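Produce the complete structure using the sequences and hints provided.
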Amino acid sequence: MQGSLIPNEFVVDVDHQRCRRCKRCILNCGFGVFDFQSMTTADSSKCVACHRCVMFCPEDAITITRNPLAFKEHSSWGIDSRKAIWKQAESSGMILTGMGTDLPWLNVFDHLLIDACQVTNPSIDPLREPMELRTYLGRKPDKVEIEVDDKGKPRAVNSVENNIKLETPIIFSGMSYGSVSLNTHRALAIAAQRLGTVMNTGEGGLHRELYPYKDNIIVQCASGRFGVHSEYLNAGVAVEIKIGQGAKPGIGGHLPGEKIGLEVSGTRMIPVGTDALSPAPHHDIYSIEDLRQLIYALKEATGYKPVSVKIATVHNVAAIASGIARAGADIIYLDGFRGGTGASPAVIRDHVGIPMEIALAVVDSRLRQEGIRNWVSIIAAGGIRSSADVAKAIALGADAVGVGTAALIALGCRLCQKCYTGNCSWGIATQRPELVDRLDPDWGAERLVNLINSWSLELKEILGALGINAIESLRGNRERLRALGLDSTVMEILEVKPAGV
Amino acid sequence: MADAAVKKKMEGEAAELDAAGVHYRELNGRVRELIDKGCKEIVLNGVNGQRYIADGIASEVKIVINGVPGNDLGAFMSGPHIIVNDNAQDCVGNTMNAGKIIIKGHAGDVLGYGMRGGKLFVTGDVGYRVGIHMKSYKKQVPVIVAGGRAGDFFGEYMAGGILVLLGMGEGDRPIAGSYLGTGMHGGAIYMRGSVSDSQLGREVRVFDLEEEDRKLVAGLLEEFQADTGIDYSKIKPAEFMKLCPFSHRPYGNMYVY
Numbered sequence: 001m002q003g004s005l006i007p008n009e010f011v012v013d014v015d016h017q018r019c020r021r022c023k024r025c026i027l028n029c030g031f032g033v034f035d036f037q038s039m040t041t042a043d044s045s046k047c048v049a050c051h052r053c054v055m056f057c058p059e060d061a062i063t064i065t066r067n068p069l070a071f072k073e074h075s076s077w078g079i080d081s082r083k084a085i086w087k088q089a090e091s092s093g094m095i096l097t098g099m100g101t102d103l104p105w106l107n108v109f110d111h112l113l114i115d116a117c118q119v120t121n122p123s124i125d126p127l128r129e130p131m132e133l134r135t136y137l138g139r140k141p142d143k144v145e146i147e148v149d150d151k152g153k154p155r156a157v158n159s160v161e162n163n164i165k166l167e168t169p170i171i172f173s174g175m176s177y178g179s180v181s182l183n184t185h186r187a188l189a190i191a192a193q194r195l196g197t198v199m200n201t202g203e204g205g206l207h208r209e210l211y212p213y214k215d216n217i218i219v220q221c222a223s224g225r226f227g228v229h230s231e232y233l234n235a236g237v238a239v240e241i242k243i244g245q246g247a248k249p250g251i252g253g254h255l256p257g258e259k260i261g262l263e264v265s266g267t268r269m270i271p272v273g274t275d276a277l278s279p280a281p282h283h284d285i286y287s288i289e290d291l292r293q294l295i296y297a298l299k300e301a302t303g304y305k306p307v308s309v310k311i312a313t314v315h316n317v318a319a320i321a322s323g324i325a326r327a328g329a330d331i332i333y334l335d336g337f338r339g340g341t342g343a344s345p346a347v348i349r350d351h352v353g354i355p356m357e358i359a360l361a362v363v364d365s366r367l368r369q370e371g372i373r374n375w376v377s378i379i380a381a382g383g384i385r386s387s388a389d390v391a392k393a394i395a396l397g398a399d400a401v402g403v404g405t406a407a408l409i410a411l412g413c414r415l416c417q418k419c420y421t422g423n424c425s426w427g428i429a430t431q432r433p434e435l436v437d438r439l440d441p442d443w444g445a446e447r448l449v450n451l452i453n454s455w456s457l458e459l460k461e462i463l464g465a466l467g468i469n470a471i472e473s474l475r476g477n478r479e480r481l482r483a484l485g486l487d488s489t490v491m492e493i494l495e496v497k498p499a500g501v
Numbered sequence: 502m503a504d505a506a507v508k509k510k511m512e513g514e515a516a517e518l519d520a521a522g523v524h525y526r527e528l529n530g531r532v533r534e535l536i537d538k539g540c541k542e543i544v545l546n547g548v549n550g551q552r553y554i555a556d557g558i559a560s561e562v563k564i565v566i567n568g569v570p571g572n573d574l575g576a577f578m579s580g581p582h583i584i585v586n587d588n589a590q591d592c593v594g595n596t597m598n599a600g601k602i603i604i605k606g607h608a609g610d611v612l613g614y615g616m617r618g619g620k621l622f623v624t625g626d627v628g629y630r631v632g633i634h635m636k637s638y639k640k641q642v643p644v645i646v647a648g649g650r651a652g653d654f655f656g657e658y659m660a661g662g663i664l665v666l667l668g669m670g671e672g673d674r675p676i677a678g679s680y681l682g683t684g685m686h687g688g689a690i691y692m693r694g695s696v697s698d699s700q701l702g703r704e705v706r707v708f709d710l711e712e713e714d715r716k717l718v719a720g721l722l723e724e725f726q727a728d729t730g731i732d733y734s735k736i737k738p739a740e741f742m743k744l745c746p747f748s749h750r751p752y753g754n755m756y757v758y
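So the sequence lines, in the order shown, correspond to chains G and V.
The numbers in the numbering used here rise by one with no breaks, and the one at position 168 of the first sequence is 168.
Going from the second sequence to the numbering used here is simple: count from 1 and add 501.
Read the hints as simulated data drawn from the structure, not as lab findings.
Any given hint could turn out to be false.
Here are the simulated BS3-like pairs of lysine-lysine, each with C-alpha atoms no more than 27 Å apart in a straight line [to be verified]:
| hint | chain 1 | residue 1 | chain 2 | residue 2 |
| --- | --- | --- | --- | --- |
| 1 | G | 299 | V | 735 |
| 2 | G | 72 | G | 46 |
| 3 | G | 299 | V | 541 |
| 4 | V | 639 | V | 743 |
| 5 | G | 87 | G | 46 |
| 6 | V | 538 | V | 639 |
| 7 | G | 299 | G | 165 |
| 8 | V | 538 | G | 299 |
| 9 | V | 716 | V | 640 |
Note that the structure is a prediction, hence the values are computed from the model and not measured.
Below is the structure:
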C-alpha cells in the first residue's frame, strides 16, 4: 500500500563535519526526529521547526529549512489547501491545530496609529514625571460619592471597593493546567505576583502548590467544571466563567488523553489517560438568566468576589456583552478570533469569530450608550503582540488586556502549533515529565517579568507622548487614534477617524 | 431586609429560621452566620424558591428545609447534609464536592452537574440533563439515586460516578428519556427495567450486573430507604441493567494531527 502523499514541511540537515556526536539533539527533540546509528540521523517528516535542537547543539551543526520542494503555483489552490485535502483523504478526521489562526486576515491593530503632542500641548517625560498605569478591575459606582473629613479634606468613598488592583493593565490569560505544564503555571504565578498583576488558571483547576499565590490568581469555571470546588473558588481574587474561547468559539474542548497524567488527573478528577471533554455549552447556562444564576451562585459561594465572564468575540457581541453586564458580571473578558488554544479544529480556529479590536470598540460603545459601562471592566485579549497593541486596545475601550501567546513565546515557544501532541520540546505544552523539567519556573518568571516591565515602560512612553499621565485617560479615548488603510465602514464601526483628519 | 424579618431561634447547636419572604442573600447570610457560630443543625421553615442555599459551604452542618428551595441548592458545597421535605427546583448539587442532599419529592433539571462527590437522593422524578459530566477520583465517587423517572440527556458526558434510577411511580412513560449517556466516558448508570436502543447515546452499551454491581446497588438501596423512610424492599438488584461507556476516549479518532 502506498504511504502518505504529503511531503515534509521542513528539512533537517545535520552537518556531519561539525557534529561531534554528543546526542544532545536526540535528548532535546520532543518529537523524536533524531536517531543515532554510527552518526546522527534525522527524520525530517517529524520536524515541527521548534528549534530546540538548533538552540542546544553545541556545534551549530543543525539547520532546519522549509522544504524547498516545488509545487506548481496556483492562485486559488495554495499548498496548504492541497496538503489539508491529502491529510483528510488519508485519515477521515478533523484537522487539529494549536495556537491562534495563522491565516492572513486583516489585522486592525496594524492599521491604527497613535497620536502625539506637538507645540500646542506639551508632551510629558515619563522619566521625570509620575505616570500612572495602575488599573482596577470590577464594577465602579454609578456616581462617585465624596466624603469630607474633619479637616475639610474631600475624598472619594468606596469608588473601587471589591475591585482587583493591577499595577499594570496587562494580565496573563487563562491557559489550563493540562494544556500547559505545571512549570508553566508556576512561572506565570510567580511573575504575576512580582508584577502586581494576575494570572488566570484556565479551566483545568489549580495545583495545590499554587494556592499561596491567591492574591494574584483568577480561577476559572468552565463547562467541564474540572477542579472546581469551594476551596478552589476561593483560591483567587475573582472567578471567571468561561463561556467561550477566541480560538474556538461555540465548541467545547477535548484535552487528549495523552496529556492526562497522574497530577493532571488528580487536579481535574478524571482517570489517567481519558480525554478531558469540556461540553460546548455550560449545561446549566442556556440563557442570560441562567448566566445570572451561575454568576450569583459563584458570588454566594465566594463571599461576593468579582465574577468575570469570558466570551469569544462573535457577530452579535455587543448585545451579548450588554446581557452579561446586566446579568451581574463585574468583568467581561473579550477573546478575539486570533486568540490561542492548546487544541482546536483548524476550520473553527481559522474561520469562526471576529477580530477583538472590532468587538472591543462595539462593546465599549454599546455599554456607554446604555449607560452601564461603569458596571463592568473590559479585558481584551486574542492577538496582543506588543505594548503598541496594548495602548491601541485601551484606546479602543479596554480596561486591561490579556496575554497568553506572548507569555508563552517569552518562555521559549516557537509557535510550532503542535500543543495538542503533548510533545512540546520547550516544556510548555506538555505533561511528559522529562520535558516539563526543562522549563525552570524561576527562569521563566524572570523572562515574563522582563517582558511585562518592558511593555509597561513603553506604555508610559506612549502616554508621555500623548501628553497624558494616567492610563485611565487613554481608556476609550479613540480621538487619539487614527486609521490608515481601513475602509470607511470599519472606521465608522471603530469610531476612529482616518489619518489626516 | 430588616433583622426582624428573619425570626430565628438558636438553642445550643440547633437553630430554626423563618425564611418566609426573606431574600436569598439575607437568608444565606444568616445560615452562614449560624454555621460560623458553631451551629450543627439548622431548620429553615417557609422556604419558597430562595436560591443558592448552602452554596459553597464547607462544613458538615445539617440543614432541614421545609418548603421548596430555589435553584442551585447546595452548589459547590463540600460537606453539608441537607434534607428537603418537599420538591426542589433546578441545578441541585451543581458541581457539589461532598455531603448529602435528600429530596423528599420531585426535583428539576440539571441536577448534579459536574458533581465531584457526595450523594443526592430524590424520591420522585428528576428532569432533563441530570448527572451531566459527573466525575470521580479514587475514593471520591459521586452518587445520584432517583426513585422515579428521568428526562433526556441522563448522564451525558459522564466521566465518573454512579447514577441509579428506580423508575417508581404512576404512569407508563419510559424510565428515562433519549440521549442516555451521550458522550459518556466513565462511571456507571444503573436502571431498573429496560430502555430501547434508540434511547441510548452512541457511546454507551447495556451490560448485565456483576456480583460487585449487585452489592453496590443493594447497599445504595438500603441507604436510600433509610434516608427517605420509604419501603423499597420489593425492589431487587436483579431487576437492574447497567449502562457503561465502551471507550474512555469516545472522540479519540475524530482528529487528524
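Original post:
Which numbered hints are broken by the structure, listed smallest first?
Top reply: Those not satisfied are hints 1 and 6.
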